[in-house]
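Use the sequences and the hints to build the structure in full.
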Amino acid sequence: MSADTAFDPAARHSSPVREPILEIDNYGGYFSTSADQAPVLKGITYSLARGAITAIVGETGSGKSLTALSMLQIQPASFVRTSGRILFDGQDLAELDERTLRGIRGARISMVFQDARAALNPIFTVGRQIADVCRLHQGLSRNDAKDAAIAALRLVHIPDPERRVRQYPHEFSGGMAQRVMIAMALVCKPELLILDEPTTGLDVTIQAEIIALITELCRESDLTTCLITHDLGVVAETCDYAVVMRRGEVLETGTCEQVLTAPRHEYTQQLLAASRLVDDA
Amino acid sequence: MNANPYPILRVNGLRKHFEVGHPRKRLNAIDDVQFDLFPGETLAVVGESGSGKSTLARCIVRLIEPSAGEIELDGRSITQLGPAGLARVYRRIQLVFQDPNSSLNPRMTVRQAIEEPLQLQLKMGRAQRAARSRELVAMVGLADEHLDRHPHQLSGGQRQRVGIARALAAQPQVLILDEPTSSLDVSVRGQILELLQDLQQTLGLAYLFITHDLQVVRRVSHRVAVMYLGGIVEQGRTEDVFADPIHPYTRALLSAAPTARWGVTRERFRLAGEIPSPVDLPDACRLAGRCPLAEKPCHRAKPALIPFGPHRAVACPPALAQRQSLVV
Amino acid sequence: MTPTTRSAAGVAEPSGSGGDTATPGPVAKTRRRPPPAGALGFRIGVGLLAGYLVVAIISYFWTPFDPLGVGGDVLVKPGTPYLFGTDRLGEDVFSRTMVATRYDLAITVASVGLALVLGTILGTIGGYYGKFWDGAIMRAIETFNAFPTLLFAMLIVSAVGPGILNIIVVLAFVGLPSYLRLARAEVMSRKTWQFAEAARMVGCRSWRVAFRHLLPNSIGPLLAFTAVNAAWVALITASLGYLGIGLQPGVPEWGSMIANGQDGIITGQWWVSFFPGMAILGMTGSLYLLGDGLGDRFDPRRRR
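Chains as they are written, first to last, in this note's numbering: chain A, 1 to 281; chain B, 1 to 328; chain C, 1 to 304.
You may find that some hints are simply not true.
To be verified - For lysine to aspartate or glutamate, the following EDC-like pairs were computed, each having C-alpha atoms within a straight-line distance of at most 20 Å:
no. : chain 1 : residue 1 : chain 2 : residue 2
1   : C       : Lys191    : B       : Glu65
2   : B       : Lys302    : B       : Asp31
3   : B       : Lys25     : A       : Asp132
4   : B       : Lys123    : B       : Glu135
5   : C       : Lys131    : B       : Asp31
6   : B       : Lys302    : B       : Asp283
7   : A       : Lys189    : A       : Asp222
8   : A       : Lys146    : A       : Asp132
9   : A       : Lys42     : A       : Glu23
10  : C       : Lys131    : B       : Asp283
11  : A       : Lys42     : A       : Glu266
12  : B       : Lys25     : B       : Asp283
Said to hold, decoys possible - Here are some chain A residues pointing at chain B (derived, C-beta under 10 Å):
no. : residue
13  : Phe124
14  : Gln207
15  : Ala208
16  : Glu237
17  : Leu251
18  : Thr261
19  : Ser275
In short, the hints are calculated from the structure, not lab data.
For each residue, glycine too, the CB sits at the ideal point set by N, CA and C.
Below, the structure is given as structure tokens:
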């Protein structure tokens with residue numbers, strides 16, 4: 001990750017470059033279920049700068065989601081790691097035992113998935129699901145957890161949170177459910193938030209709202225964010241750094257400005273050209 | 001754009017409602033939609049969820065029966081036709097579906113899928129079919145070898161090409177494309193759009209292009225109709241609407257769409273709240289609850305599409321009034 | 001709302017479904033995977049059933065002793081020359097078990113086949129056309145459901161009398177509702193798939209969409225169900241025989257053979273009931289294994 005380019009202070013919050021919070025170093029592997037055991041990830045290397053929003057960009061099959069799942073060690077069981085490490089706070093996440101990992105998931109690293117309404121458990125109220133996260137990691141009492149849940153909903157700008165905390169996932173629209181997921185991810189104040197295609201499938205106007213929310217939350221609380229997407233428009237609006245992936249390899253990394261205005265790799269150029277189908281005035 | 005003044009497809013007063021839930025409530029999926037489509041042009045229909053655009057596509061070809069309204073294809077009404085008449089209609093107007101995964105029968109080869117309309121609709125013999133199917137796959141940029149493959153052996157872009165070839169088999173004059181590129185990767189979209197534009201040039205097709213992607217609209221369409229909760233709120237030439245959107249919803253939509261350009265910050269025109277449920281809507285402007293321009297009359301009756309200039313229509317009296325006052 | 005075919009469960013597949021490669025290249029989702037562990041069960045099931053078929057065919061040409069030959073030594077223990085021993089009437093249990101294979105196998109296959117074909121057709125009609133036809137068919141089926149199956153079979157067979165054809169037809173009718181409902185559900189769920197709409201657009205009339213497009217795609221679950229259902233039918237056939245209903249008395253049939261020998265279990269002549277019982281167990285078990293294997297093969301989760 002090239003950390004030597006200064007930001008444009010007018011467009012992005014400027015901060016002195018800091019230690020990365022998470023580093024992926026030459027991570028590679030394959031699926032044991034595939035016939036030829038071809039590697040699906042090859043030498044993935046990038047890092048997430050503290051307090052910044054990093055976008056992982058790629059199309060289907062690029063391995064961007066798989067790498068993210070590996071950060072939390074929730075990748076499919078058939079994935080076999082052949083090389084590399086994922087360093088978080090000096091520890092290789094791929095080597096940790098399940099107990100330690102459970103302590104990290106939700107509390108220090110959180111993840112938000114694409115289809116919010118599918119990711120939420122339909123038989124529990126939204127408040128109960130958020131409260132459960134608090135109680136698991138922070139050992140809060142039931143009432144304290146409930147208050148924390150209401151505060152979390154308020155944080156993501158869900159109106160009337162006292163009432164909505166008692167509602168079930170199906171009573172929320174797609175955009176609202178996504179906000180709930182973000183609230184659940186942030187309730188224990190993690191250091192790193194990973195979002196896997198959080199706006200795909202949402203309406204355009206809702207997408208814009210969610211993106212604005214994510215940006216606001218990250219800037220306010222110095223949260224490191226890893227945003228996985230295929231949409232370069234989303235990248236342009238929010239991110240500080242970008243990592244471009246294709247077919248299990250990292251092709252290019254750099255600041256967002258760099259990647260969008262002066263891409264080095266041909267694929268990135270193609271992707272940019274395709275994303276801007278029209279030359280707007 | 002063709003100078004032909006007669007529309008090849010004309011839709012008037014189209015309505016479709018469903019009864020949902022217990023107790024029964026009315027869902028107005030399409031609420032008094034009216035537009036013309038001229039030969040050789042592309043009219044884009046844009047909207048978000050609940051806008052009714054997919055229902056619109058199916059109502060026009062009567063895959064779903066409309067509740068009311070008139071549809072005319074090349075001057076002749078098709079709303080009341082029986083199965084035999086409809087079979088003839090499907091030789092003039094075809095549908096390209098959205099999801100390349102589920103729009104092809106997984107058990108049929110490409111050849112079988114393309115030859116089916118040749119056999120059923122054009123009554124071609126075996127040799128003729130074989131020759132014509134080779135022509136069709138070539139037309140959409142595939143090779144002969146793809147003919148004997150099954151859908152799961154093709155990529156998403158290739159499957160979509162097969163879908164287009166299948167729609168073209170009957171030699172239609174109008175193609176309705178229901179989000180043809182939404183399920184495809186970004187790098188593939190451009191190719192499919194290019195293909196569609198080439199085909200339009202070569203075959204003189206008229207397209208009704210349904211999408212939610214404003215970039216696509218900008219690129220392929222001559223005119224655009226913006227839909228919200230079942231009704232058209234703004235309609236006009238694409239370049240005009242994009243350069244100067246008038247209806248508040250159009251403004252919100254255009255300002256929300258992200259562009260892959262660094263350093264471009266756009267003034268966001270915001271609407272309050274979210275898209276309401278389309279069930280049991282009151283008799284008022286559909287945007288009234290969320291609109292910053294809303295006035296008393298907006299809550300009392302639904303505004304009609306008001307013409308504004310030669311090719312433009314907007315269903316928002318306050319916005320138009322603002323515009324007039326600027327002009328005056 | 002645009003559905004997305006991207007990252008299903010976040011897992012990337014090497015040759016993604018959204019790209020557009022000029023040649024598909026080494027397609028990862030090939031069907032040539034090494035067979036999973038469950039395939040062993042499938043093979044055992046098929047093997048055993050083939051064995052039964054062979055025995056049934058052989059029984060037409062040769063059995064060690066005349067299966068209806070009364071008068072041999074009574075209640076001889078299994079060994080030589082009577083491999084499975086003899087029963088109270090002096091008939092060779094082994095020969096009778098062989099011959100009974102014909103009947104039990106034939107009844108099972110025929111009644112399941114009939115139920116499958118009829119049920120699928122009716123279910124497809126009901127599922128696709130909906131409203132009136134669906135209503136009529138479903139109401140008719142529901143009267144069948146009012147009765148417990150075995151009881152129903154017993155009642156009808158008692159009414160129409162013994163005979164292999166009668167049993168086949170009765171069991172077919174009793175089993176039909178399940179196939180009907182399954183076919184109907186499969187067709188209904190696929191009706192909204194876009195290729196069904198596309199089929200209508202290219203000129204298919206309704207029946208063609210239902211039978212040439214929707215039904216072939218629904219075969220998988222149907223086949224899996226058929227095998228397991230066949231196991232159940234085999235059991236019912238034997239039960240009817242055990243209760244003395246169905247085939248003419250004297251005709252060898254596993255269920256009736258068990259009934260004949262059941263007193264012997266207490267008094268020590270276990271072999272008369274045991275071997276027919278094992279035969280039933282073997283056939284039922286192999287059908288289950290077959291059904292399980294088919295179910296795994298057609299499991300939608302394995303398809304991508």
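Cross-check of the supplied hints:
For the hint pairing Lys191/C with Glu65/B, the CA-to-CA distance comes to about 16 Å; that is within 20 Å, so the pair holds. As the CA atoms of Lys302/B and Asp31/B are separated by approximately 10 Å, the hinted pair is consistent with the 20 Å bound. For a cut-off of 20 Å, the pair hint linking Lys25/B to Asp132/A is broken: about 37 Å separates their Cα positions. For the given pair, Lys123/B sits about 17 Å from Glu135/B by alpha-carbon distance, which is consistent with the 20 Å threshold.
Distance restraint check for Lys131/C and Asp31/B: the Cα-Cα separation of roughly 27 Å exceeds the 20 Å cut-off, and the hinted pair is therefore not satisfied. About 6 Å separates the Cα atoms of Lys302/B and Asp283/B, which keeps this hinted pair within 20 Å; it holds. A hinted pair counts as satisfied when its Cα atoms are at most 20 Å apart, and Lys189/A with Asp222/A qualifies at roughly 10 Å. Of the pairs offered as hints, the one joining Lys146/A and Asp132/A holds, with about 9 Å between alpha carbons and a cut-off of 20 Å not exceeded.
A threshold of 20 Å between alpha carbons decides the hint, and for Lys42/A with Glu23/A the separation of about 15 Å falls inside it, so the pair holds. Distance hint between Lys131/C and Asp283/B is unfulfilled; the C-alpha atoms sit about 33 Å from each other, more than 20 Å. Note on Lys42/A and Glu266/A: the hinted pairing holds, with a Cα-Cα distance of about 19 Å set against a maximum of 20 Å. A C-alpha spacing of about 15 Å is found between Lys25/B and Asp283/B, which places the hinted pair at or below 20 Å, so the restraint holds.
The restraint placing Phe124/A at the interface with chain B is violated, with a minimum CB-CB distance near 23 Å, outside the 10 Å limit. A cut of 10 Å between beta carbons decides the hint on Gln207/A: the least distance to chain B is about 7 Å, and the hint holds. Annotation: interface hint on Ala208/A holds; nearest CB of chain B at approximately 4 Å, less than 10 Å. Here the hint on Glu237/A is kept, as its CB sits about 5 Å from the closest CB of chain B, short of 10 Å.
A hinted interface residue such as Leu251/A counts as satisfied when its beta carbon comes closer than 10 Å to some beta carbon of chain B; here the least separation is about 13 Å, so the hint is violated. Interface hint at Thr261/A: satisfied, since its Cβ lies 5 Å from the closest Cβ of chain B, which is below the 10 Å cut-off. For Ser275/A, the shortest C-beta to C-beta distance to chain B is roughly 4 Å, which falls under 10 Å, so the interface hint holds.
Hint violations for this structure: numbers 3, 5, 10, 13, 17, all remaining hints satisfied.
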